[in-house]
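Trainee: Sequence:
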Amino acid sequence: MKIMVVAATELELQCTLDIKHLASITLMKELHGIGQVPTTYHVTQLIDKHQPDIMIQIGIGGGFAFDQILGEAVAVETENFADLGVEEKGKFHSIFDMKLADQNACPFNEKKLSNPHSNLLEKVKLKTVSAITVNQITTSKNQIEYYQEAYCPFIESMEGAAFHYCCLMKKIPFIQIRAVSNHVGERDKSKWEIEKSIQSLKNSLNIFLKNI
445 MKIMVVAATE
455 LELQCTLDIK
465 HLASITLMKE
475 LHGIGQVPTT
485 YHVTQLIDKH
495 QPDIMIQIGI
505 GGGFAFDQIL
515 GEAVAVETEN
525 FADLGVEEKG
535 KFHSIFDMKL
545 ADQNACPFNE
555 KKLSNPHSNL
565 LEKVKLKTVS
575 AITVNQITTS
585 KNQIEYYQEA
595 YCPFIESMEG
605 AAFHYCCLMK
615 KIPFIQIRAV
625 SNHVGERDKS
635 KWEIEKSIQS
645 LKNSLNIFLK
655 NI
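Quick note on my numbering: the sequence shown kicks off at 445 and runs consecutively.
Calculated directly from the structure, the hints in this document are not laboratory data.
All clues given are correct.
Straight line, CA to CA, 20 Å or less: simulated SDA-like cross-link-like pairs of lysine to any residue:
1. LYS571 to GLN643
2. LYS635 to ASP511
3. LYS473 to LYS493
4. LYS640 to ASP462
5. LYS543 to LYS555
6. LYS635 to THR583
Now the in silico label distances, taken between C-beta atoms and shown as ranges:
7. HIS561 to ASN586: 27 to 37 Å
8. ASP462 to GLU589: 37 to 47 Å
9. ASP541 to ASP462: 44 to 54 Å
10. PRO482 to ALA545: 15 to 25 Å
11. ASP492 to GLY529: 21 to 31 Å
12. ASN586 to ASN647: 32 to 42 Å
13. SER468 to LEU544: 44 to 54 Å
Keep in mind the model is a prediction, meaning the values are calculated, not measured.
C-beta atoms are modelled at their ideal positions from N, C-alpha and C, and glycine is treated no differently.
Using the sequences and the hints given, assemble the complete structure.
Mentor: Now the structure itself:
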């Protein structure tokens with residue numbers, strides 16, 4: 445079985461160091477870069493080149509639950525391109541709201557990019573959550589409140605929805621594992637839990653590879 449682990453940065457990919465897996469598994473590790481466009485390009489290229497049986501995206505992100513314990517890992521079940529649209533008169537309208545795209549056109553399901561592989565989500569033994577993907581990291585109170593109302597997200601990243609999109613279109617089984625390194629809007633990195641988050645990703649990856 446060929447399993448490919450991808451991440452945006454070298455820091456996040458560190459969790460694959462000394463990872464244990466069965467001899468029957470060929471584990472590949474690749475970077476796809478930061479942001480939606482690099483992720484889409486590189487994930488598509490990697491799938492076409494290597495034809496993996498399973499794709500795993502790992503990474504850290506900002507959490508929307510302010511009572512959330514930092515460093516916790518979660519499995520992302522649904523993704524949204526949260527800032528794809530237009531703001532008019534102080535209100536944001538998505539491409540689906542404007543009828544520019546069908547909310548159920550492949551690979552979307554009611555505007556969301558949902559992971560249909562429940563068997564993989566179960567094997568990682570993590571809480572499953574909804575996430576959003578943005579081009580600009582969220583810092584303003586108004587934007588945080590909008591996203592919470594519109595999407596009820598648990599975590600945000602700059603790559604997750606692009607990863608879901610590619611895997612769904614290419615019909616490759618996949619899972620996205622994220623760790624909450626910080627609260628959304630908190631830019632003081634002394635208050636982040638990056639090391640703890642990387643360790644949580646490593647633990648979760650070990651569990652997944654053991655159960656696969």
